[in-house]
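So the sequences go chain by chain: A and B. The first sequence begins at 1 in my numbering and counts up one residue at a time. The second sequence begins at 1 in my numbering and counts up one residue at a time.
Honestly, I wouldn't trust all of these hints.
As the list claims (entries may be wrong) - Residues of chain A placed beyond 12 Å of chain B at every Cβ, according to the derived structure:
no.: 1; residue: L18
no.: 2; residue: R86
no.: 3; residue: G120
no.: 4; residue: F151
no.: 5; residue: W251
Stated by the list, open to error - Pairs of lysine to any residue residues, derived as SDA-like cross-links and limited to a Cα-Cα distance of at most 25 Å, are as follows:
no.: 6; chain 1: B; residue 1: K19; chain 2: A; residue 2: F107
no.: 7; chain 1: B; residue 1: K19; chain 2: A; residue 2: L62
no.: 8; chain 1: B; residue 1: K165; chain 2: A; residue 2: F100
no.: 9; chain 1: B; residue 1: K200; chain 2: A; residue 2: P93
no.: 10; chain 1: B; residue 1: K165; chain 2: A; residue 2: F107
no.: 11; chain 1: B; residue 1: K19; chain 2: A; residue 2: L103
no.: 12; chain 1: A; residue 1: K275; chain 2: A; residue 2: H213
no.: 13; chain 1: B; residue 1: K19; chain 2: A; residue 2: R95
no.: 14; chain 1: B; residue 1: K19; chain 2: A; residue 2: R51
no.: 15; chain 1: A; residue 1: K275; chain 2: B; residue 2: S176
no.: 16; chain 1: B; residue 1: K165; chain 2: B; residue 2: I14
no.: 17; chain 1: A; residue 1: K96; chain 2: B; residue 2: L169
no.: 18; chain 1: A; residue 1: K281; chain 2: B; residue 2: Q25
no.: 19; chain 1: B; residue 1: K165; chain 2: B; residue 2: S176
no.: 20; chain 1: A; residue 1: K96; chain 2: B; residue 2: K191
What the hints assert, rightly or not - Facing chain B, according to a computed beta carbon distance under 8 Å, are these residues of chain A, among others:
no.: 21; residue: L89
no.: 22; residue: T90
no.: 23; residue: L102
no.: 24; residue: L103
no.: 25; residue: H285
Hints listed in this document are in silico derivations from the structure and should not be mistaken for laboratory results. Built from N, CA and C at the ideal position, the CB exists for glycine as well.
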Amino acid sequence: MSGSRQGWIVFGGVIGILVLASLIGFAMSLRVRGKAPEDGSRRVVQNLNARIKAWWVMIFVLAGALMTGPKAVIILFGLISFAALREFLTLTPTRKADHFALLVSFFIVLPSQYGLVWTGWYGVFTIFIPVYVFLLLPAFTIISREATRNFLERTSETQWGLMICVYCISHVPGLQMLTIPNYDPAMLVVFLILVVQASDVLQYVWGKLAGKHKVAPDVSPSKTVEGFVGGVLSATALGTGLWWMTPFQPWQAALFSFLITMTGFLGGLVMSAIKRDRGVKDWGHLIEGHGGMLDRLDSVCFAAPIFFHLTRFFFSTT
Amino acid sequence: MLDRMAAKMTAGAITGFAKALTGAQCQWVGCGPYETQRIYFANHSSHLDFILLWSALPGPLRKRTRPVAAADYWFHGTFKQFLIRQVFNGIPVDREGRKPGTNPLQPMLDALDEGASLIIFPEGTRGSGEELLPFKSGIFHLAKDRPHVELVPVWMENCYRVMPKGSFLPVPLLCSVRFGEPTRLAEGERKPAFLERLQKSVAGLRCA
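Generate coordinates for the entire structure from the input sequences, incorporating the hints supplied.
This is the structure in structure tokens:
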């Protein structure tokens with residue numbers, strides 16, 4: 001099967017699921033219609049419907065970029081990184097002395113990293129932020145002003161922001177750099193996002209239906225053992241069933257899917273811990289019902305680089 | 001004519017840019033975006049403040065809301081003058097000593113009498129963004145002389161980090177503009193108590 005034909009099948013499948021979800025959401029909204037606005041179940045249903053609506057938008061934006069071509073995917077994720085970095089750095093208490101470092105992060109580091117994806121310069125793509133930016137950025141802060149109060153804390157926060165929001169996210173469009181014989185690597189982007197997001201959604205569904213025991217009550221009150229197990233297993237099953245759109249054998253697809261869902265889960269926990277530390281519930285307000293860009297992408301941030309490197313190690317010829 | 005067009009386009013570009021840059025989250029906590037005549041008073045930590053507050057207002061309100069700006073800073077230089085006069089329709093306020101026999105508040109009173117709403121920063125200068133400076137007394141006299149005008153406290157979150165004092169390039173961080181509950185000068189209220197109450201109403205919006 002050609003890449004584009006597989007793409008259409010997946011797209012059709014996702015649209016089908018969304019239609020079904022929208023119908024269920026509508027039916028549920030009818031059931032809670034008579035309840036008071038501040039009633040718990042009514043709020044859950046309202047939030048669910050807002051989430052489904054946002055999914056429609058996200059799916060069409062992503063599918064549009066994928067159909068336009070690899071460059072469009074790079075631009076889309078560049079913008080996503082921008083929104084994510086903005087959310088991340090908004091919550092870190094940087095000082096006036098960091099102004100220059102922040103300007104560099106947004107207007108030089110971010111475009112450069114995506115420029116490296118654009119040109120496919122793999123060697124620099126993997127070390128630009130972890131080596132060059134890592135060492136030079138703190139130096140910029142010192143040059144611009146002498147403020148040394150909380151120096152380590154402030155620099156590490158900016159570096160964390162760049163690693164998570166720019167470096168890690170850039171590995172999603174970066175998958176298109178891989179060379180796999182007779183295979184369109186853009187489909188790896190679809191596979192990764194599908195499995196990660198399916199895992200998030202399925203954990204949410206399992207958690208709402210059967211969730212009782214909390215995994216990490218201090219960090220994330222909504223994550224339950226039941227949701228975690230059900231979500232990881234069902235998303236792994238889904239990923240295995242999608243082996244035909246990957247360069248993997250079914251058992252390899254199962255292993256990769258399991259890995260993606262696990263790293264995604266850990267990503268969600270780590271990013272929640274940062275939010276708790278900052279005393280907020282959501283990263284932002286960009287996506288109705290979901291919160292901010294990072295609330296939707298926390299699991300992708302962790303899953304993408306690991307999926308990228310394992311696939312490259314075992315399957316790429318470059 | 002050409003002037004008006006340039007001003008309109010600049011205004012559109014500035015509001016669009018400010019919103020794209022900062023997300024300009026607008027929260028009407030204590031009142032709605034109504035066309036009541038108002039004085040919006042806010043904390044001041046960045047040049048971005050009034051641009052963002054002004055951008056946060058819906059179009060029809062924005063048209064009749066005029067920022068009060070320091071004469072010594074804004075009303076100098078061709079471009080700054082174009083911005084403040086043509087685009088923002090600002091009102092100059094003299095921060096240095098008053099000339100004998102003139103009321104420095106007169107331009108604001110005139111604007112209020114023409115039906116305009118005002119944006120003022122009662123701290124009088126840009127602060128560090130962390131703590132509010134004591135309010136200057138201008139707002140007290142405005143409230144006393146034009147008691148029918150609503151006073152709306154506004155908290156500008158994060159602007160000082162986007163463009164701190166002394167920098168010219170803005171960093172894109174999320175900002176929010178929070179509008180509080182309108183108030184007025186109470187019967188017999190003294191100046192110090194009134195100013196303190198207003199300052200508290202702005203500070204109180206901080207973590208609402």
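Hint check results:
no.: 1; hint: L18; result: holds (27 Å)
no.: 2; hint: R86; result: violated (5 Å)
no.: 3; hint: G120; result: holds (28 Å)
no.: 4; hint: F151; result: holds (17 Å)
no.: 5; hint: W251; result: holds (44 Å)
no.: 6; hint: B:K19 with A:F107; result: holds (17 Å)
no.: 7; hint: B:K19 with A:L62; result: holds (24 Å)
no.: 8; hint: B:K165 with A:F100; result: holds (13 Å)
no.: 9; hint: B:K200 with A:P93; result: holds (23 Å)
no.: 10; hint: B:K165 with A:F107; result: holds (20 Å)
no.: 11; hint: B:K19 with A:L103; result: holds (18 Å)
no.: 12; hint: A:K275 with A:H213; result: holds (21 Å)
no.: 13; hint: B:K19 with A:R95; result: holds (22 Å)
no.: 14; hint: B:K19 with A:R51; result: holds (24 Å)
no.: 15; hint: A:K275 with B:S176; result: holds (18 Å)
no.: 16; hint: B:K165 with B:I14; result: holds (19 Å)
no.: 17; hint: A:K96 with B:L169; result: holds (13 Å)
no.: 18; hint: A:K281 with B:Q25; result: holds (16 Å)
no.: 19; hint: B:K165 with B:S176; result: holds (19 Å)
no.: 20; hint: A:K96 with B:K191; result: violated (34 Å)
no.: 21; hint: L89; result: holds (6 Å)
no.: 22; hint: T90; result: holds (4 Å)
no.: 23; hint: L102; result: holds (4 Å)
no.: 24; hint: L103; result: holds (6 Å)
no.: 25; hint: H285; result: holds (6 Å)
The structure fails hints 2, 20 (numbered hints given earlier, in ascending order).
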